[in-house]
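For the sequence shown, our numbering begins at 2 and goes up steadily by one.
Treat the hints with caution; some may be incorrect.
[Stated by the list, open to error] Cross-link-like lysine-lysine pairs, in silico, DSSO-like; alpha carbons within 27 Å at most: (1) K253 <-> K8; (2) K65 <-> K52; (3) K52 <-> K83; (4) K83 <-> K65.
[To be verified] Pair ranges (Cβ atoms, derived): (5) T85 <-> Q45: 15 to 25 Å; (6) S13 <-> T130: 16 to 26 Å; (7) V140 <-> S82: 36 to 46 Å; (8) T235 <-> L107: 17 to 27 Å; (9) Q89 <-> I12: 27 to 37 Å; (10) I12 <-> I231: 51 to 61 Å.
No lab work stands behind these hints: they were computed from the structure. All C-beta atoms in this analysis are idealised placements derived from N, C-alpha and C, irrespective of residue type, glycine included.
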Amino acid sequence: MRRYIGKRLLISVGTLFVVILLLFTLLQYMPGSPFNDEKLTDDQRAVLYEKYGLDQPIVVQFFKYVYNMLRGDFGVSYTISKNTPISQLLQTRLPISLRIGGQAVLLGAVIGLILGIIAAIWHGTFWDTLSTIISVIGVSVPSYVFALGLAYVFGYELRWLPLLYSNDLPFESSVLPSIALCMFTIASIARFTRSEMLEVLGSDYILLAESKGVYGPRLIVRHVLRNALIPIVTVLAPLIVGLMTGSLVVEKIFSIPGIGSLLVTAIQSNDYNVVIVLSFIYSAMYIGIMLVVDILYGVIDPRIRLSKEAPHD
2 MRRYIGKRLL ISVGTLFVVI LLLFTLLQYM PGSPFNDEKL TDDQRAVLYE
52 KYGLDQPIVV QFFKYVYNML RGDFGVSYTI SKNTPISQLL QTRLPISLRI
102 GGQAVLLGAV IGLILGIIAA IWHGTFWDTL STIISVIGVS VPSYVFALGL
152 AYVFGYELRW LPLLYSNDLP FESSVLPSIA LCMFTIASIA RFTRSEMLEV
202 LGSDYILLAE SKGVYGPRLI VRHVLRNALI PIVTVLAPLI VGLMTGSLVV
252 EKIFSIPGIG SLLVTAIQSN DYNVVIVLSF IYSAMYIGIM LVVDILYGVI
302 DPRIRLSKEA PHD
């Protein structure tokens with residue numbers, strides 16, 4: 002197991018390094034610069050480039066940037082908030098996006114699993130039809146439509162929850178955005194759970210377990226659900242990243258000061274440092290979650306771990 006985890010850690014670190022290199026290189030060749038103000042003269046631009054080290058060769062800039070990043074120094078914003086450390090910009094925005102995304106992930110995964118299990122166990126009944134309808138709606142309707150509907154009904158008409166995000170009511174303000182974001186996750190997990198459990202329920206080893214007297218919750222949890230978890234975890238992994246990093250449209254609807262709107266603003270203003278850091282955060286979260294998924298594969302089904310370690314033994 003240690004070799005299995007260690008190998009994936011090395012692959013993850015190497016992938017992150019390649020991601021930083023690609024981001025840095027692509028941004029250098031983008032049209033425009035952080036200092037596009039027409040009022041600036043060429044001499045003033047040269048002074049600014051020298052001040053921020055942008056006049057140095059790309060290779061020197063890259064390794065200097067990586068070195069500073071390893072020390073926790075992500076640089077400063079060039080245009081959005083001049084000379085403000087990026088860590089300071091993220092200090093308030095990132096926790097909000099992570100909290101709302103985390104709530105959406107938890108809510109979506111739990112409800113989706115329950116719906117999928119119910120639909121598979123009572124296949125062909127009213128509950129199966131109801132779960133299918135919910136799944137189709139969740140996949141077909143965009144999250145911003147749910148957001149607008151929830152905001153109008155529960156925020157404007159009933160006034161049960163804040164219509165716009167408020168730092169004074171962080172939990173209450175995050176309920177509606179979390180529900181809007183989790184609908185697609187609920188639908189996706191429910192569909193995959195249903196299909197995978199139906200396939201497992203019809204397999205020979207489930208019939209064997211039933212012939213040995215294994216029924217009810219014990220059969221579902223120990224044999225059916227465990228064997229259906231691998232594809233479910235695979236589907237959930239990319240959804241987690243999207244939810245944890247926030248949805249720009251949903252953030253706009255509820256006026257959430259998250260990192261989604263910050264990324265768009267940084268791209269529009271060519272604020273290189275902010276774009277690189279936010280893109281790195283997206284990539285790091287995705288790679289980190291996929292690393293966790295790889296480890297979960299080995300925990301859920303040891304045969305995967307053994308098959309991947311076998312050639313090295």
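Hint by hint, here is what the structure shows:
Using a Cα cut-off of 27 Å, the hinted pair K253 and K8 is violated, with the two alpha carbons roughly 41 Å apart. Only pairs whose Cα atoms come within 27 Å are accepted, and K65 paired with K52 is accepted, the gap being roughly 14 Å. Note on K52 and K83: the hinted pairing holds, with a Cα-Cα distance of about 13 Å set against a maximum of 27 Å. The suggested pairing of K83 with K65 holds, with an alpha-carbon distance near 20 Å, which does not exceed 27 Å.
Distance hint check: the CB atoms of T85 and Q45 are about 20 Å apart, consistent with the given range 15 to 25 Å. In this structure the hint that S13 and T130 lie 16 to 26 Å apart at CB is violated, the actual value being about 42 Å. Distance hint check: the CB atoms of V140 and S82 are about 38 Å apart, consistent with the given range 36 to 46 Å. In this structure the supplied range 17 to 27 Å holds for T235 paired with L107, their Cβ-Cβ distance being about 18 Å.
At roughly 32 Å, the beta carbons of Q89 and I12 sit within the given window of 27 to 37 Å. Distance hint check: the CB atoms of I12 and I231 are about 19 Å apart, inconsistent with the given range 51 to 61 Å.
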